[in-house]
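Q: What follows is the residue order along each chain.
Number of protein chains: 2
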Amino acid sequence: MGEAQAACQGRPASEALAAVIAALSAQFGNRLVTSQAVREQHGHTLTWVPNQPPDAVVFPQSTEEVASIVRLCAAHVVPVIPFGTGTSLEGHVNAPFGGICVDTSLMKAVVEVHPEDLSVTVEPGLTRKALNEYLRDMGLFFPIDPGADASIGGMVSTRASGTNAVRYGTMKDNVLSLSVVTPQGEVIKTARRAKKSSTGYDLTRLYTGAEGTLGIITGITLKLSGIPEAVSAGICPFPSVRAACDAVIMTIQSGLPVARIELLDALTVRACNNHAKLGLPETPLLLVEFHGTDAGVKEQAERFGEIAAEFAGGPFEWATKLEDRTKLWQARHDVYWAQLTLRPGSTPISTDVCVPISRLADCVEETARDAEEHHILAPIVGHVGDGNFHCGVLLDMNDPDEVAAAREFCERMVLRALDMDGTCSGEHGVGQGKMKYLLQEHGAATLHIMAQIKKALDPLNIMNPGKVVAWET
Amino acid sequence: MGEAQAACQGRPASEALAAVIAALSAQFGNRLVTSQAVREQHGHTLTWVPNQPPDAVVFPQSTEEVASIVRLCAAHVVPVIPFGTGTSLEGHVNAPFGGICVDTSLMKAVVEVHPEDLSVTVEPGLTRKALNEYLRDMGLFFPIDPGADASIGGMVSTRASGTNAVRYGTMKDNVLSLSVVTPQGEVIKTARRAKKSSTGYDLTRLYTGAEGTLGIITGITLKLSGIPEAVSAGICPFPSVRAACDAVIMTIQSGLPVARIELLDALTVRACNNHAKLGLPETPLLLVEFHGTDAGVKEQAERFGEIAAEFAGGPFEWATKLEDRTKLWQARHDVYWAQLTLRPGSTPISTDVCVPISRLADCVEETARDAEEHHILAPIVGHVGDGNFHCGVLLDMNDPDEVAAAREFCERMVLRALDMDGTCSGEHGVGQGKMKYLLQEHGAATLHIMAQIKKALDPLNIMNPGKVVAWET
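Residue numbers (our numbering), protein chains in the order written: chain C, 1 to 473; chain L, 1 to 473.
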C-alpha cells in the first residue's frame with residue numbers, strides 16, 4: 001500500500017471483497033453473515049428505492065471491533081455501511097456499491113449514567129425505548145421520539161427528531177459527545193462531557209446527521225431530561241388546516257412551552273378512527289401535550305384552549321390521566337398502520353418536508369390539494385410546532401403508473417417546500433432518496449463544501465458511499 | 001496563478017501585502033485604514049496575549065465587498081482577520097502574521113424579521129443590544145447574553161453563550177442559517193430558514209465557533225424568543241459554594257425552567273457591594289431569574305426557595321419589579337468593573353472553564369483554594385446551571401512575577417477542568433490563548449480531524465491563521 005489508493009467509486013474488485021470477507025469470517029465467526037436473506041434485510045429501506053444488499057453483514061461487539069473492521073475495509077477499499085435498526089426512510093442503509101454492513105445491534109450497553117449531570121453514555125445499537133426503560137426508575141428520560149423504536153446511533157446519524165422536538169429539540173441539541181471510528185479506523189471522541197464548550201470545530205454536530213458517511217458512531221453521550229411532574233394531553237378539532245396552523249403559530253409565539261403539538265388532517269383522523277375506534281370528529285385535529293408542574297400544565301392547557309378558540313378551534317378536551325393520554329398518543333404513533341386502513345393492501349411511502357412555520361398552512365393545504373387533484377391518497381401528519389410534516393402516500397407498488405404519479409407528487413412536495421425557504425427533509429434525512437434535491441436546496445457552492453469535507457475525512461470514499469453528497473460534487 | 005500556491009505560514013511577502021493594500025485603498029478609499037492607532041485597536045484583546053496588529057483595517061458595507069476583499073487576499077496569500085467589536089478574550093482578533101482585518105461594524109442592518117417564525121436575519125456587525133432594541137416593540141427578543149455588547153457575527157464565531165444559556169441554549173442552538181464568505185471568496189448559505197433540517201452536513205454548526213478560521217460570516221438568521229409575560233428574579237445566600245452548587249443541581253434535575261442561575265462567590269459579592277452599594281451578605285450567592293406566566297414564575301420561585309432551604313440556603317428574596325431586577329442584574333453585568341474595586345489599578349484577566357455540573361462544586365472550591373494559597377485575587381462568577389464559571393484574575397501587569405503566577409494559576413484551572421471531563425473554555429473560545437490545551441482536551445486524532453477540515457476548506461491558510469488549530473497539526 002505504498003502509493004495512494006484510488007477512491008471507491010463503484011463495486012470493489014472481487015478479490016478485495018473476498019479478502020475482506022475471509023478475514024472478517026476468521027475474526028468474527030458466526031457474527032459474519034453472508035446469507036441472502038440477512039443481506040437483503042440489511043439493504044431494506046422503507047421506501048421505493050430498490051433493495052441493494054451489502055455483500056456481508058458483521059455484528060461487532062465493541063468499538064475496537066468496529067475499528068478493526070474499518071481498518072480492514074480501508075486497506076482493501078471496500079465500502080462500510082453502518083446499520084442500526086433499519087427504520088430509516090430514504091435508502092440510508094442500501095449498499096449501491098456492495099461492501100460490508102456493520103450492524104450495531106449487539107452494541108447496546110448503557111455505558112454510564114450521570115443522573116446529577118442529566119447525561120448518559122450509550123452504545124449505538126441501544127434503542128430509544130430500551131434506554132427509556134432503563135432510565136425510568138431514575139426519574140429521567142430521553143425525550144427524542146421519532147416514532148420508530150430506532151437505535152440511538154441511527155438517530156444521531158439521521159439527525160432524528162419527532163413529536164417532542166418542539167420542546168426538547170432534535171438530536172443535534174441532545175448529543176453532548178460522540179465516539180466515532182474514522183474512515184481510517186481510528187477512534188476519536190468529539191467532546192468532553194461538559195454541557196457546553198467553545199473549543200474548536202463542532203465535530204459533534206458534524207457527525208450528527210452525516211448518515212455514516214464520515215465515520216461510524218460507536219458511543220453517544222446524550223443529554224437527559226427529568227420526567228415531568230405532570231403531563232397533560234389533549235385534542236382539539238379545527239375547521240381547517242389553516243386555522244389549526246394559525247393556532248400553532250400563536251401558541252409558539254406566546255411562548256407556551258408545549259411539549260408536543262401534532263397536526264392530523266381529516267384523512268388521517270379517519271384512518272385513526274378506523275384503526276383504533278376512536279370516534280374522533282373527522283376534521284383537522286391538533287394533538288397537544290404539556291409538561292410541567294400540576295399547576296403549570298393546567299395553566300398551559302387553559303391558555304391553549306383560549307388560543308384555539310380564537311381560531312375557531314375546539315372544544316379542546318384534555319386528559320391528564322395516563323390511560324387517556326396513552327390511547328391518544330398510541331393512535332398518533334400507530335398512524336403509519338392506521339393509514340393503511342384507508343387502502344388495505346397498499347404500500348405506504350412516508351416522506352417529509354419542513355418549512356418556516358409561517359408557510360406551513362400554505363404548504364400543507366397545497367399539498368393536500370395536489371393529492372386530491374391527482375387522485376393520490378396521501379394522509380398528512382405533522383410536527384407542526386417545527387413546521388415539519390409528513391405525507392404517507394398509499395400506493396400499489398405493482399402499478400408503474402401509480403408509482404410514477406406518486407413520485408411526481410412527492411417531488412412537487414419537495415419543490416413546494418424549497419420554494420417556501422424550507423428543506424427537502426426535516427427529519428428523515430437524505431440517504432439515496434433525496435440526494436437529487438440537495439443542489440437546489442443548498443446551491444452548488446455549499447454542496448461543494450460538504451463534498452470537500454467528505455473527501456478530506458474519507459479520501460477513499462468507503463464510508464456509506466453513494467449517500468448524502470455525490471463523490472463527483 | 002497557474003500553479004498551486006503555498007499556504008500562508010508566516011508574514012506574507014511585503015510586495016504581496018503592498019499589492020493588496022493598494023488595491024483595497026483604490027476600492028475602499030477612506031474605508032481602508034492603516035494608521036497605527038486603528039491597527040493596534042483592532043489587534044487589541046482583553047487578555048495578556050501581546051497585541052499583534054493587522055497591516056490594515058478595511059470596513060466593508062456588504063457581503064459582496066467582503067467577498068471581493070477575500071478574493072484579493074486569496075490571490076496574494078494574505079491573511080484575513082474578521083473583526084466584530086473586539087470584546088473576545090483569548091486573542092481571537094490578533095494578527096500574528098499580519099494581514100487585513102475585516103471590521104464588520106458598518107454591516108449592522110436588520111435584513112428581515114419574520115415575527116411569525118420567531119426569526120430574524122441580520123448582518124454580522126449588529127450588536128445584540130441594538131438587535132434587542134429593534135425587536136422590543138414586536139414582543140420578541142434574542143436571548144443570548146454574553147455580558148459584553150458583542151456583535152452577532154462575533155457571537156456566532158466564538159459560540160458565545162452567557163447568563164441565559166441554561167434556558168435558551170448557546171449560539172449553536174440559536175442560529176438557523178449563516179451566509180459565509182469562503183476562503184476562496186465565494187458566498188454560501190448554510191441552510192434554509194426552516195426550523196430544522198436533516199439534509200447534509202451541519203455547516204451552520206461547523207462555522208459557529210470556528211472563530212473565523214473557515215470563512216467570514218456575513219449574514220445570520222437567528223431564532224428569537226417571545227418576551228416572557230412575567231419575569232421574576234431573586235437572590236439567595238448560601239453558607240458555601242458547595243451548598244449553592246448542590247441547590248443548582250437539584251434545581252436543574254427537578255426540571256425547573258430557570259432562565260438564569262448565576263453564582264457569585266463571597267469575593268465577588270464584596271466587589272459588587274463596593275461598586276454598587278448593594279449591602280448584600282458577603283457569602284456565596286445565587287442570582288436567579290424565572291420567565292413565564294405570572295402564576296408560573298411565582299410557582300417556580302417558590303419551588304426554588306424550597307430547594308435552596310434544603311441546602312441551608314436562604315432567605316430567598318425575589319423581586320418581580322423591573323427596577324429591582326435591573327439593579328440586581330446590573331450588578332452581575334458590571335462584575336468586571338466591580339471586581340476592579342478589590343484592587344484598584346489592577347488589570348483583570350478573565351478566563352473560563354466548564355465542567356459536568358456534578359463536578360462544579362469541586363472545581364470552584366479547588367480553584368478558590370488554589371487562588372488563596374498562591375495569594376492571587378481571583379473572584380469567581382459562574383453560569384452554574386451549565387457548569388461554567390469564570391475567574392477574573394486581578395493583577396499588576398507590570399510585575400512579571402505576578403503575571404507568571406497568574407498564568408500558572410489559570411493553567412491549573414484549565415487542567416483541573418480537563419481532569420473532571422470538562423473543557424478548557426465553556427464560552428470564551430480558543431483564539432491564541434487556549435490553543436495549547438486543545439491537544440489535551442481533544443486528543444491528537446480529533447485535533448487532526450479539525451486540521452483536515454481547516455486544510456480542506458482553507459488550503460491557503462489565510463482565514464484568521466494561527467487560531468484554533470495549528471496548521472502543522
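Just so you know, these hints were derived from the structure itself, not from any lab. Where hints are given, some of them may not hold.
Said to hold, decoys possible - Derived DSS-like pairs: lysine-lysine, alpha-carbon spacing no greater than 27 Å straight-line: (1) C:321 / C:298; (2) L:436 / C:189; (3) C:436 / L:189; (4) C:298 / L:298.
Q: Which of the listed hints are broken here?
A: Those not satisfied: there are none.
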